[in-house]
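Chemist: Each protein sequence line maps, in turn, to chains L and C.
Residues 1 to 218 (the UniProt record's numbering) are what the first sequence spells out, left to right.
Residues 1 to 218 (the UniProt record's numbering) are what the second sequence spells out, left to right.
These are calculated hints, taken from the structure and not from any lab test.
Check the hints yourself; a few may be wrong.
Any copy, or any two copies together, can satisfy a pair, since identical chains are not distinguished.
Stated by the list, open to error - With a straight-line cut-off of 27 Å between C-alpha atoms, the simulated DSS-like cross-links for lysine-lysine are:
(1) Lys136 / Lys79
(2) Lys120 / Lys203
(3) Lys136 / Lys120
(4) Lys35 / Lys203
(5) Lys136 / Lys41
(6) Lys203 / Lys34
(7) Lys120 / Lys35
(8) Lys79 / Lys35
(9) Lys120 / Lys34
(10) Lys41 / Lys120
(11) Lys120 / Lys79
(12) Lys203 / Lys41
(13) Lys41 / Lys79
These numbers were taken from a predicted model, which means no experiment stands behind them.
Number of protein chains: 2
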Amino acid sequence: MSAGGNDGTKDGSADRAGFAASSEERHRERMQRKKELIDRKIAQATIERGVLVVNTGNGKGKSSSGFGMLARSLGHGFKCAVVQFIKGSFSTGEEAFFRRFEELDYHVMGEGFTWETQDKERDIRAAQSAWAIAAKMMADPGYDFVLLDELNIALAHRYVALDDVLAAVAARPERQHVVITGRGAPDALIEAADTVTEMRVIKHAFKAGIKAQKGIEL
Amino acid sequence: MSAGGNDGTKDGSADRAGFAASSEERHRERMQRKKELIDRKIAQATIERGVLVVNTGNGKGKSSSGFGMLARSLGHGFKCAVVQFIKGSFSTGEEAFFRRFEELDYHVMGEGFTWETQDKERDIRAAQSAWAIAAKMMADPGYDFVLLDELNIALAHRYVALDDVLAAVAARPERQHVVITGRGAPDALIEAADTVTEMRVIKHAFKAGIKAQKGIEL
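Between the sequences and the hints, there should be enough to build the whole structure, so can you do that?
Modeler: Following this line, the structure appears as structure tokens:
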């Protein structure tokens with residue numbers, strides 16, 4: 001939004017041109033036009049259904065954004081579920097925090113990163129049992145919000161079949177929101193999603209030699 | 001990470017070339033090299049101090065990622081603070097959720113979006129009193145984690161002075177983490193930050209006519 005941007009209609013701007021409107025008046029007019037534009041967009045957005053959100057890219061914030069949406073959903077009294085497909089060393093904070101809520105089912109695949117375990121067969125079994133839990137939740141109209149954290153990693157390794165995920169997404173209850181995170185989201189999943197954000201690295205503290213620490217995503 | 005990628009060193013690869021290693025063995029070797037590389041990077045990252053994280057860009061997830069980091073920080077038992085510089089219509093879920101935690105100070109500027117109020121003087125006063133609270137928290141070593149949600153919007157409108165923010169960031173307690181969100185982060189703030197992520201829109205449900213709904217970031 002540039003300071004001089006005209007976000008709304010131009011009706012009447014010629015009439016006003018001769019007036020030396022004060023900065024305050026100009027601000028009010030600009031904001032009034034912006035409000036009209038936004039109100040119109042809100043009025044046009046009438047479809048009410050659960051959405052599929054995908055957070056991907058190499059930057060930070062994919063998982064933490066999913067957990068932020070989870071917090072918001074719990075705040076609205078939604079029945080929520082989380083399946084973490086990759087348990088990172090620094091996910092213990094989220095787990096400690098969210099496990100205390102009764103209205104939340106929290107499942108962790110619990111086998112560490114694949115380069116920690118170095119045991120492909122075990123990873124495949126773990127990913128597939130995590131997916132079985134996820135699929136069950138997505139089929140259950142009792143859940144309003146399902147977070148599938150780092151599922152894209154399991155898809156990239158082909159530990160979980162993309163077709164199974166697409167079928168579960170398409171067949172889920174109409175009002176259910178699903179959030180899928182992880183770098184390298186497959187094209188077909190992006191195609192199926194309603195909202196997709198790419199988190200891009202601009203700067204990364206870890207690469208600058210700063211130690212990973214509790215509570216923060218470097 | 002490509003399936004055939006060599007993430008680690010190449011030592012010994014010629015010796016192994018003649019062997020018909022099983023897929024399982026190749027996987028283990030590849031993951032072993034990846035683990036060595038990652039362990040080396042972790043060993044090199046030795047600086048322990050609070051970091052400044054900036055989430056910017058036009059995509060979704062900037063605020064929700066900040067709230068996800070807040071949840072994680074609370075999970076680690078950190079003393080946390082939030083100042084929301086713009087109260088959006090759909091931030092009530094976060095507020096309802098997070099206000100129940102005693103270890104968290106939660107402040108909302110509480111004046112709606114600037115295009116809702118259309119009163120520049122009132123917006124400036126509200127932003128400046130929100131900033132006064134934020135500055136106080138950033139000066140207090142009792143706070144481990146401070147989230148300044150949508151501060152970048154207040155900076156873009158020049159309702160809060162960039163120099164004041166840069167000074168407060170530089171002078172804050174050494175171990176304090178600060179997360180600043182909002183589109184249009186100023187260059188000097190990006191320069192001062194340790195980790196910066198640009199959230200890019202790939203797809204946006206709201207633009208496709210889907211109504212904004214409780215609990216989800218469209």
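Chemist: Against this structure, judge whether each hint is valid.
Modeler: Here is what the structure says about each hint:
1. Lys136 / Lys79: Answer is within; shortest intra-copy Cα gap is 14 Å, inter-copy 37 Å.
2. Lys120 / Lys203: neither (32 Å within a copy, 34 Å between copies)
3. Lys136 / Lys120: within (24 Å within a copy, 51 Å between copies)
4. Lys35 / Lys203: between (34 Å within a copy, 23 Å between copies)
5. Lys136 / Lys41: For lysine 136 and lysine 41, the Cα distance exceeds 27 Å both inside one copy (36 Å) and across copies (38 Å).
6. Lys203 / Lys34: between (33 Å within a copy, 22 Å between copies)
7. Lys120 / Lys35: Result: close only across copies, 14 Å inter versus 54 Å intra.
8. Lys79 / Lys35: Answer is neither; intra-copy 34 Å and inter-copy 37 Å both fail.
9. Lys120 / Lys34: between (54 Å within a copy, 14 Å between copies)
10. Lys41 / Lys120: Answer is between; shortest inter-copy Cα gap is 23 Å, intra-copy 49 Å.
11. Lys120 / Lys79: neither (34 Å within a copy, 40 Å between copies)
12. Lys203 / Lys41: between (34 Å within a copy, 16 Å between copies)
13. Lys41 / Lys79: neither (29 Å within a copy, 39 Å between copies)
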